[in-house]
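J.: Residue-level listing of the chains:
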Amino acid sequence: MLQWTNLDVFRGETQVLWGVCLYIKAGERVAVLGSNGAGKSTLLGATMGAIEPKGGDIAFKGISLKGMRPHQIVRMGLAIVPEGRRIYKDMSVWENLQMGAYPRRGRHLLAESADIICELFPVLRERRDQRAGTLSGGEQQMLAIGRALMSRPEVLLIDELSLGLAPIITRQIFKALDALPGETTILMVEQNVEQALKHSARAYVLESGRVVRSGPSVELARDDHIRKAYLGL
Amino acid sequence: MNGVVIGVIYALAALGVSLVVGIMNVINFAHGELYILAGYFSFLFADALGWNMYLSLAVAVFLVFLFGIFIEYILIRPTYGNEMYSLILTFILSIVLQNAYLLIFGPYPNKPPTWIKGATEVFGLFFYGNQRLAALVVGAFVITAVFLVIKLTWFGKIVRAASQDREMAELNGVNTLYLNMLSFGLGCALAGAAGVILAPVFPVTPTAGVQVALTAFVVVVLGGMGSLWGCVVGGLVLGLVENLGAAFLSTGYKHIFGFIILILVLLIRPAGLFGRKEI
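As you go down the protein sequences, you meet chains A and B in turn. Mapping of the first sequence onto our numbering: position 129 corresponds to residue 129, and the numbering continues sequentially without gaps. Mapping of the second sequence onto our numbering: position 38 corresponds to residue 38, and the numbering continues sequentially without gaps.
I should point out that these hints are in silico values taken from the structure, not numbers from a laboratory. Misleading hints may appear alongside valid ones.
What the hints assert, rightly or not - Here are the computed distance ranges between Cβ atoms for each label pair: (1) B:R269 / A:E219: 34 to 42 Å; (2) A:D129 / B:N25: 24 to 32 Å; (3) B:R269 / A:N36: 34 to 42 Å; (4) A:D57 / B:T153: 34 to 42 Å; (5) A:A221 / B:F70: 54 to 62 Å; (6) A:R104 / B:L87: 31 to 39 Å; (7) A:D129 / B:Q211: 41 to 49 Å; (8) B:L148 / A:D129: 12 to 20 Å; (9) A:E183 / B:Y80: 34 to 42 Å; (10) A:E219 / B:N25: 46 to 54 Å; (11) B:A271 / A:G232: 38 to 46 Å; (12) B:M53 / A:E112: 45 to 53 Å.
Claimed, not checked - Covered stretches of chain A, as calculated for chain B (at least 3 residues, CB under 8 Å): (13) 86–100; (14) 210–216.
Quick reminder that beta carbons are idealized off the backbone N, C-alpha and C, glycines included.
Same shape as in the complex, but just chain B:
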């Protein structure tokens, strides 16, 4: 059960990475810090300012979206054509953000208020925290929404077209610079969504984002670069394997199981579970 909840959140965080990689060919090393940023925002608004909880969640994600657009405009746009620059820049950004958090919020874990209290009996087998169940439901809802948008709307269509052939999309009248900005913002917002959903369960600390980003990259590679389905399946597989491994063997090795699965999958399918072979 824990595996499914964590898996959904992994998938959510990885969707953001995958979207940005697929369309822009940019790897955002600061992805985890944006996840944390949303967690801090929701903590700040709900706890310190005493706003309504749902409002503070929405505002937190929206602010991260705007921040993402800002980053794209200032840092990423001048680097198009050379992926190495954006890689280094986002890496620096990640370190800067971590230290900013440390200065502003201090090294202690901060936790926004939980949405609901108590626990529910699941299938008459065990009790499970309501907050975690809520995280599962909301996470699954956001993922479904992303898939519907990608499948059904014009925005989704140009996203898929541009991730297959950028130049051709431009020749079909798509303003790909604008699309880049929007999809980078959306990728960040997805990290933010994962952040606000999970922050009440796992409190945010300045450096907790590193683990999140690392896991998101593992999920993306596991599922196949740029494949959105791969993210969902990869996220679930990773979440389940880590938690089953932790339950039956040892919690100390939790993250090792994920990497073992990654290596096994890459040995058999080098492009990832749903990856396309690069031509």
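The following block holds chain A by itself, in its conformation from the complex:
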């Protein structure tokens, strides 16, 4: 579905990603783990066209995404839940969801997608006409996920879902993601290693911009290095 090959990405003068190779198959749930500054967000930024990679390639269903602008990539069928949620605070919850359905692929299914999302996160239906800025952190995260799903993406990228949320809310949202229909491919980037491994089939570990471990999540959860470095065991 999506394939990253030998990706080199710079932020200004500094090289952040060094020859990163990843892939994700249709319908798969994959996690990218790593601590602060490991290059996780940069990986997503490069995928969505916000940062131009210096070397390597990113391909979606065999088509290279290099040189495309973010809105074109979104229209092809990728969607992102950005770090820090970035909902439109001065617009209502409903308008935020509508904005998600802006790409043509989502617009004609607007009502149907909204129903599915409100089924997933009932809070959003209750708060439909409320200003999005007045929602709690967890509700805002649900809205950000809902907004991304409104475009009917084939691949959903989630950046730091657990950031700044209470553990109980994080668990609740991860469970909701598990309940999504199987055809939605999800790549999540996480610092919360324990939860991410629990809710993904495969995982990659990024350290200082390089993939240092990869494999099925169950195996990684037993890996000594990961248990020491990330789970504190």
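Dock chain B against the given chain A, drawing on the hints supplied.
T.: Leaving out everything else, chain B in the frame of chain A:
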């Protein structure tokens, strides 16, 4: 009464500035010259070419819209990421346009034909020029139309989204380059609309735009950067204060009252009447 009419036109001119500032973070110094341009166009079509008056109004505004898109494409687009360049470029554009007007139309005031003649008695109190009343009605109509578009249409939604978070709007599939071009054109068209409405009352001269642009900036700052409601309220406040001040004190100080109000408001609310605090 004069205050309300002028206030509505101020608001109209300021809406254009505010739209462009909110979405693109670009300050268009040539805003006033576009206002004048529309005035000249309507004069040219209706007076010199003898077209139908309403047609010439519409064509004038449309041409300014196209001109705005052209400016965005040629001058503003290469400067994204550095607001100082666009500031200087539009400033130069304003001087170039002023001198072009001077060459083409000469230094004399030009006035398109009035829409209607005569005066109406208002509330049995005083007589008021029909042309000015018409300006009020049309101005209010255009402002209402802008608000409806912003509130109800997809275009309005992406405008609001992009002025809150450009990058996120792009990540929601909005082609923000295209949006920039369109909203810059629309901002110019709003200046043009204010121009054609007011030109029959206050004839256009090559440099009259400077005052208009200055006032529009005052209104935008008064109302709060990027707030469209702020423009309407700010425009009305400024129009009323200037004219009441002129009526009760002296016309010579007319513009001073506006700036006094501006300073007072900024002392109490630094972000303007409806401004959001920048984070």
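J.: Decide, hint by hint, whether the structure agrees.
T.: Evaluated hints:
1. B:R269 / A:E219: 34 to 42 Å: Violated - the Cβ-Cβ distance for R269 (chain B) and E219 (chain A), about 59 Å, lies outside 34 to 42 Å.
2. A:D129 / B:N25: 24 to 32 Å: Check passed, 30 Å falls within 24 to 32 Å.
3. B:R269 / A:N36: 34 to 42 Å: Given range 34 to 42 Å: holds, Cβ gap about 38 Å.
4. A:D57 / B:T153: 34 to 42 Å: Since the Cβ atoms of D57 (chain A) and T153 (chain B) sit about 39 Å apart, the hinted range of 34 to 42 Å holds.
5. A:A221 / B:F70: 54 to 62 Å: 60 Å, holds
6. A:R104 / B:L87: 31 to 39 Å: For R104 (chain A) and L87 (chain B) the Cβ distance comes to about 36 Å; the hint holds.
7. A:D129 / B:Q211: 41 to 49 Å: Roughly 43 Å apart at Cβ, these two residues keep to the hinted range, so it holds.
8. B:L148 / A:D129: 12 to 20 Å: For D129 (chain A) against L148 (chain B), whose Cβ atoms are near 19 Å apart, the range 12 to 20 Å holds.
9. A:E183 / B:Y80: 34 to 42 Å: Given a distance of about 38 Å, which is inside 34 to 42 Å, the answer is holds.
10. A:E219 / B:N25: 46 to 54 Å: Cβ of E219 (chain A) to Cβ of N25 (chain B): about 49 Å, so the range 46 to 54 Å holds.
11. B:A271 / A:G232: 38 to 46 Å: 45 Å, holds
12. B:M53 / A:E112: 45 to 53 Å: Check passed, 50 Å falls within 45 to 53 Å.
13. 86–100: holds (count 9)
14. 210–216: violated (count 0)
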